[in-house]
Every structure is written in C-alpha cells, then in structure tokens.
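Number of protein chains: 2
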Amino acid sequence: MNFLNEVTERFPDAVSFAPGRPYEGFFDTEDLFAHLRRYVDHLAAGGASRDAVRTALYQYGPTAGRIRELIARSLHTDEGIDVPPESIVVTVGAQEAMLLTLRALFAEPSDVLLVVSPCYVGITGAARLLDIPVVPVEERAEGVACADVEAAVLAQRARGRRPRALYVVPDHSNPSGNTLSRHTREELLDLAARHDLLILEDSPYRLVSPGPRLPALKSLDRQRRVVHIGSYAKTVFPGARVGFVVADQPVTDEGGGQGLLAAELARIKSMVTVNTPALSQAAVAGALLAAEGSLAAFNAGPARHYGAALRALLDALERRLPKEWRTAHGVSWNRPTGGFFLTLRVPFTADDAALLRSAGEHGVIWTPMAHFHPESGGEHAIRLSFSSLGPEEIEDGVDRLAGFLRVEADRSLADTSRTAGYAS
Amino acid sequence: MNFLNEVTERFPDAVSFAPGRPYEGFFDTEDLFAHLRRYVDHLAAGGASRDAVRTALYQYGPTAGRIRELIARSLHTDEGIDVPPESIVVTVGAQEAMLLTLRALFAEPSDVLLVVSPCYVGITGAARLLDIPVVPVEERAEGVACADVEAAVLAQRARGRRPRALYVVPDHSNPSGNTLSRHTREELLDLAARHDLLILEDSPYRLVSPGPRLPALKSLDRQRRVVHIGSYAKTVFPGARVGFVVADQPVTDEGGGQGLLAAELARIKSMVTVNTPALSQAAVAGALLAAEGSLAAFNAGPARHYGAALRALLDALERRLPKEWRTAHGVSWNRPTGGFFLTLRVPFTADDAALLRSAGEHGVIWTPMAHFHPESGGEHAIRLSFSSLGPEEIEDGVDRLAGFLRVEADRSLADTSRTAGYAS
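Protein chains in written order, with my numbering: chain S, 1 to 424; chain H, 1 to 424.
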C-alpha cells in the first residue's frame with residue numbers, strides 16, 4: 001500500500017476513494033470526555049468505591065478484558081448472539097483478535113487458512129507474520145459460493161494439507177462490498193460442520209449500515225463452528241483501538257483440563273499486549289452505555305449517513321456512466337446494501353500505473369483491487385470507498401472518476417479492436 | 001503464574017509481596033481527564049484546528065505513533081539519549097515492543113536469544129510465541145558478568161547457532177533487583193560490537209527510582225548496538241498500555257532501500273495492532289507535557305515513595321532477621337538501589353508448596369524465583385516486590401515473612417543435620 005500513500009501525498013487535491021476510515025462528522029472531541037465520565041459514573045453507580053474506579057482505569061487489568069459483560073450484553077441486544085462473557089477476549093482492535101486466533105488454531109505446518117478473495121489485508125498480514133499458508137477462494141459476482149469453498153477444502157486435503165478455518169466478511173465485505181445471502185450462511189455452517197472447519201467471521205460494518213440485517217453467522221451457530229471477530233473502530237471510534245473475539249469453542253488445555261478457546265487466546269494475548277488499554281476500554285464502555293447497551297441504537301445516525309453516502313455514490317455513477325455506455329465499454333459495479341465499499345469493474349488494467357494516471361491527470365484516487373488478492377486476480381477491478389467522504393466530495397469525485405474511466409475505456413476499446421484485427 | 005493467582009484468591013487477607021504493580025496512591029481518576037485535556041490544549045496551541053485535534057484523538061493514526069517527538073524530547077532531557085523521532089515506534093506496552101523486535105531480528109532457525117537469568121517473563125513469552133530459542137545466562141550475586149555472556153556466545157557459536165541479541169534489564173532488574181555497574185555496561189557494549197550482537201535494553205524502573213542514575217546503555221551506544229525498549233506503565237500508568245522502542249539501526253528493506261529498523265518494526269506492528277490507541281497516546285503525552293517534557297521531574301514524587309518503601313523493606317528485614325540468625329540459617333538478600341524488587345535467598349526449596357504453606361500458615365505471599373528461570377535454577381530464592389504496598393503493609397508483611405522463614409529455616413537446618421549425619 002506504500003505506493004497508494006505516496007500517490008495520496010503527491011496529489012493532495014485529489015478526491016480519494018481509497019481510505020476505509022469512518023466519516024469524522026460524527027465525532028466531537030468533547031464526547032470522548034463524556035464517554036469516559038459515563039463509564040466512571042457507571043462503575044460508581046454499580047457500587048465501586050473511588051479507589052476501585054481508579055484501579056479500573058489506571059492499573060493493569062484482566063488479560064481477557066474489563067468490559068466483557070457490556071460486550072456480551074450488546075451482542076445479545078444487537079445481534080441475537082448469546083454467549084457468556086467468559087467466551088470473549090477484548091483485544092487491541094480486530095487485528096490483534098485475528099493474530100491471537102490464528103496463533104491458537106494453527107499448530108501444524110500442514111494447516112492452511114482459507115480466505116474469501118479479494119480479502120482484507122489484516123488477516124493475510126497476520127497469517128504472513130505467523131508463517132501460515134493462505135489459500136484464496138475467489139468470490140463470484142454475488143459473493144463467495146459454498147461450492148467453491150468445498151472444492152478448495154477437498155483440493156487442499158488431496159495435497160495433504162488441513163484447512164483449519166475460513167476467513168470471511170459476510171456483510172458488506174471489505175473490499176468487495178458483497179453480502180452473503182441467508183442461504184449461503186446456512187450452507188457455510190453446514191459445510192464447516194461436515195469438514196471440521198472453523199469460520200472466522202469478521203463483520204465490522206453491520207451496525208453502521210442501513211436497513212435490516214441478515215443474521216450474523218455466530219447467531220446461527222449451533223455447533224460452535226464460528227469464531228466471531230468484532231471491532232469498535234467503525235461503531236465507536238478507531239482511535240480507541242478496541243476489538244474483541246468470541247471464542248466459545250471447548251478446548252483441552254496443556255494440563256488436560258477443559259476450557260474455552262477464549263482462555264487460550266487470553267494466554268497468547270499476555271505475550272502480545274498483556275492487556276487492552278483500560279482507558280480505551282473505558283471509552284468504548286461509555287459509548288456502549290450511551291444508548292442503554294445497544295450499539296445499533298448508538299449508530300442509528302451513522303448508519304443513515306453511510307446509507308445516504310452509498311446511495312449518492314451509486315446515483316452519481318449511474319448518472320455519469322449511463323447503462324448504454326457501460327455496456328459498450330465493459331464497465332460495471334456491484335450494488336452493496338451497506339458497508340464502506342463497492343467494486344468497480346473496468347476493461348483496462350487497474351494497476352499502480354493506472355492509479356498514477358488517475359491521480360495525476362484526473363485528480364481522483366482509488367485502490368487497485370489486485371492489492372486485496374493474496375495471489376493473482378483483481379487486475380480489472382477497483383475498490384471504491386465512500387466512508388470518509390461528504391456528499392459534495394462524492395459528486396465531485398465521481399465526476400473526475402468518470403473522466404478517467406472514459407479516457408481509459410476508450411483507449412482500451414481501441415486496443416481491443418486493434419488486437420482483434422491482428423487475431424482474426 | 002496461575003498457581004500464584006489461585007493462592008492470592010484463596011488467601012485474600014495475606015500480605016502479598018508478589019505483584020509488580022505500581023503503587024496506586026499517586027493516581028487520581030481526575031488526573032486522567034486533566035492529561036487528556038492538556039494534550040488537546042497542546043495540539044491547539046501548536047496550531048491544530050478543532051477538526052485536526054478531533055482527527056488526532058478519534059482516527060487511525062500513523063502506525064509508528066503520534067507522540068514520537070514528545071518521546072524523543074523526554075529521552076533527550078531525562079536520559080541523554082539523542083535519537084530522531086523516526087527511530088521510535090510507539091507500542092502497546094513494552095510487551096508489543098519485545099514481540100515486534102524479536103519478530104524483526106530473528107530470521108533463521110539457528111538464531112538464538114540470550115537472556116540474563118532470572119528473566120522477566122514478558123521476553124521469554126514473546127520468544128515462545130515466535131518459536132525463538134532462549135539461552136539463559138545466569139546472574140551472579142551482583143548481576144550478570146560480561147565473561148558469562150561471552151562464554152554463552154562462544155558456546156552457542158560452537159553449536160552452529162547465532163546469538164542474535166542479549167536481553168537485559170540493566171537497572172533494578174525484574175526479578176532480581178540487581179543493577180549493572182558502569183564498567184559492566186561499557187564491557188557489554190564492547191562485547192556486542194566484537195560479536196555482532198544486539199542488546200535489548202529494557203529499563204522500566206529507572207525514572208521511578210531514587211538517587212542518581214547510571215547512564216542507560218542506549219546513551220553510551222556509539223555503534224547502534226542497543227535497541228532500547230521503553231514503558232510508561234510505571235512512569236505514567238499501566239492502564240494506558242503505552243510503551244515504545246528506539247531502533248535506530250540501519251537496515252536494508254525488501255526493495256533494497258536503506259531505512260531504520262524502526263520502519264521494519266512499524267511494518268510488523270501493522271499486522272499486530274495496527275496503531276497504538278490514539279487515546280492512550282494522548283494520555284501519556286499529557287503526562288509528558290505536565291513537567292515540561294521531563295518524565296523524571298514528573299516522577300520525583302513516585303521515585304521518593306519507592307525509595308522509602310525499599311528502605312522500609314530492607315530495614316524491616318534487618319530488624320526481624322538479624323545478621324547472626326541469617327548467617328546461621330543461610331538466609332540473605334541483596335540491597336537494590338531502586339526498582340520494585342529484591343532477591344531473598346533461603347535454605348529451603350522455595351516452590352509452590354512452600355508458597356502455599358507461607359500463604360496458608362503465615363498469611364504472606366511472594367513469588368518463587370524459579371518462575372523467572374527459563375530453564376532450571378532459582379529453587380532457593382524468592383522475589384519480594386514492595387511496589388504496591390504501603391509502609392504498614394510492609395512492616396506487617398515482613399513480620400509474617402520472618403515467621404515463615406524461621407519455621408522453614410529451622411526445619412531445613414534440622415533436615416541438613418540429619419542428612420549430614422547419614423552422609424558423614
């Protein structure tokens with residue numbers, strides 16, 4: 001991603017559809033103080049002495065986290081996920097949750113991680129750090145197909161490898177924007193049970209998306225096949241760096257005792273970060289308490305905002321790149337129902353060179369989808385992120401993007417005609 | 001350490017010399033709000049707009065950290081360590097700094113980590129997580145001897161292994177309480193240069209200890225042989241979970257370019273925790289700003305307090321266990337000049353069973369030194385921590401401890417006499 005950063009620095013006036021950051025309009029510095037105060041008051045109201053409140057904020061805390069009860073309550077209220085607080089580990093963002101989970105689950109050199117591809121770079125990075133082989137399962141236009149996952153499982157088995165887990169972002173995936181259907185969710189759970197596979201569910205965009213939600217995989221999980229990874233970066237704020245993992249799988253520990261996978265994750269966490277900062281947990285807890293424990297209620301405003309931004313982007317694309325032109329030039333995009341991203345398919349190679357032309361000549365930046373493919377793929381696709389942009393920037397950005405696409409698509413069409421001329 | 005936790009829970013009325021936590025008497029919940037406010041005001045005074053302040057607190061930040069300039073300034077002011085901010089990575093406690101450093105430095109299966117033993121469990125834990133072999137170099141009574149480090153280096157070389165780095169806590173070591181002399185510091189730096197070894201310097205107790213300080217290894221480092229690991233857990237507060245690493249070693253990156261080791265650590269950090277929480281960094285920055293950038297000045301009160309606690313512990317031991325009795329029974333202790341810990345040597349096996357007798361029959365808890373030995377060793381030693389105790393608890397605790405030691409030492413003396421009777 002270094003090239004992307006360089007381009008962004010070199011063209012500061014470009015409109016950027018690259019960053020997956022939340023919109024800052026919801027944030028107010030004073031709210032931070034209010035969140036912390038609310039948590040302090042909550043502890044005091046629960047009977048904590050002045051000294052106990054001080055200890056909760058200042059000292060080392062339990063490795064698995066201080067706010068597990070509040071998280072469990074919000075999972076129940078918002079997601080219909082019913083798990084005991086003991087199955088939760090509070091982490092330094094979803095990233096640490098991924099690292100701990102991979103370190104705990106992958107023991108043998110033959111263990112491989114399946115990922116839906118294109119794929120969030122956090123999980124492939126954590127796998128690389130731990131030298132865990134990653135096997136991509138390519139998404140189809142509407143998202144990953146269960147048959148493709150099963151084929152990958154069987155192919156890996158045939159090579160003597162053990163597919164240990166599948167990583168998937170079921171809702172409004174980063175980077176593609178796709179959402180798995182209810183049917184595919186059921187199929188995946190069934191497949192996981194049949195092939196002794198775990199599913200790593202990472203779904204950070206659910207509560208900041210408009211409209212009804214399909215059930216989280218974890219809420220449908222009757223056989224403890226799903227390890228659910230959570231993030232408060234989008235629902236509370238990124239600067240807290242608080243995430244969590246629900247790992248209610250029974251495991252046998254070194255001493256032969258029975259416990260939960262969560263306890264094993266906490267043991268590993270003690271060697272990575274020791275604790276998640278008490279201060280960050282306090283700020284997140286304050287936000288969880290703001291809407292009576294419902295993070296969905298807390299995010300009603302942001303969900304409306306992101307929904308409107310998504311509609312604005314889709315409408316602008318539709319207006320600037322009408323259907324006839326798109327069909328003639330091989331340009332298309334998917335229509336996510338939420339999240340921060342969509343996939344734009346283009347007839348030319350959307351690589352770093354194309355990005356440089358786009359930024360330099362048209363003043364618009366985006367992410368080559370190839371960056372999100374663990375192996376090859378995505379050469380003709382672009383990730384557009386709309387999460388950090390206001391409505392005017394979206395309008396302006398799509399204007400510029402349409403200019404870029406028209407130039408590139410025309411050139412591509414000319415190239416194709418020439419090539420076709422040679423070939424036939 | 002699980003057994004220790006169990007014992008602590010089972011005997012809540014025991015005085016515990018086990019935890020290495022800071023004393024809470026310095027902390028006030030309202031100070032947290034004041035630290036954050038001070039940092040917000042500092043940013044505003046430096047010209048940051050309301051929106052820029054909000055971004056600094058709420059958003060994802062630079063992977064290497066937001067407060068590197070303030071840290072560099074305090075290292076210069078307090079420690080005479082002059083390094084550019086670019087050589088610093090802000091981490092989630094010293095623990096993450098250790099993990100990143102080990103991951104970056106240890107590339108070959110033949111690479112081994114030397115540690116001064118007994119050894120802080122954070123570093124051996126991080127090494128275990130990364131499957132890095134650890135070679136202990138046993139401390140002598142006054143601390144590690146350079147000749148022993150050199151012997152270990154040569155022995156490992158002879159076995160075809162490459163000693164890559166030595167981990168050491170030069171000042172008031174956890175667990176032993178020992179401090180390296182100025183001469184040993186110079187010798188270690190010389191040895192590191194001769195044997196192409198790096199030194200991982202971890203020194204969290206320097207600024208909370210009384211009296212003059214010997215120079216930090218990093219301040220004497222003319223050949224960039226020292227990676228300096230820092231922690232704000234003792235100097236600011238543990239709940240922030242902020243540490244840092246100074247890594248100004250030149251390295252060649254994957255693309256063949258020249259850079260600093262710090263940049264490589266940041267790259268690894270992006271796969272572990274992405275950022276250190278902006279909120280935690282803000283609280284620490286507020287504390288750094290409180291005493292005009294001097295952390296030593298900020299900690300003048302705590303340093304006096306811990307110095308007094310150490311003297312109280314040494315005085316109480318001296319009174320309760322007079323010299324004649326100690327000599328006759330083979331009990332002794334070292335006399336640290338600061339830090340949180342001292343080593344008590346005993347004539348009996350100071351194992352979990354002895355700890356249980358101590359807690360159950362005498363109401364006093366401590367840590368078996370054997371817990372801190374990566375291999376064997378420490379069976380006749382105890383770590384006493386005085387950091388979290390007030391003066392009355394120290395008096396009462398030593399009373400109980402003396403009772404326990406007298407019973408055990410008498411039994412041990414009787415056993416020795418019997419054994420001697422058989423043997424001679």
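Honestly, the hints are just simulated from the structure, not real lab data. Predicted model only: the values in this text are computed from it and were never measured. Warning: the hint list may mix true and false statements.
To be verified - Derived DEER-like restraints, expressed as beta-carbon distance ranges: (1) S/SER49 with H/ALA158: 55 to 61 Å; (2) S/ASP13 with H/ALA107: 39 to 45 Å; (3) S/SER49 with H/LEU356: 26 to 32 Å.
Note that the Cβ used here is the ideal one computed from N, Cα and C, for glycine as well.
Each hint tested on the structure:
1. S/SER49 with H/ALA158: 55 to 61 Å: holds (59 Å)
2. S/ASP13 with H/ALA107: 39 to 45 Å: holds (42 Å)
3. S/SER49 with H/LEU356: 26 to 32 Å: holds (30 Å)
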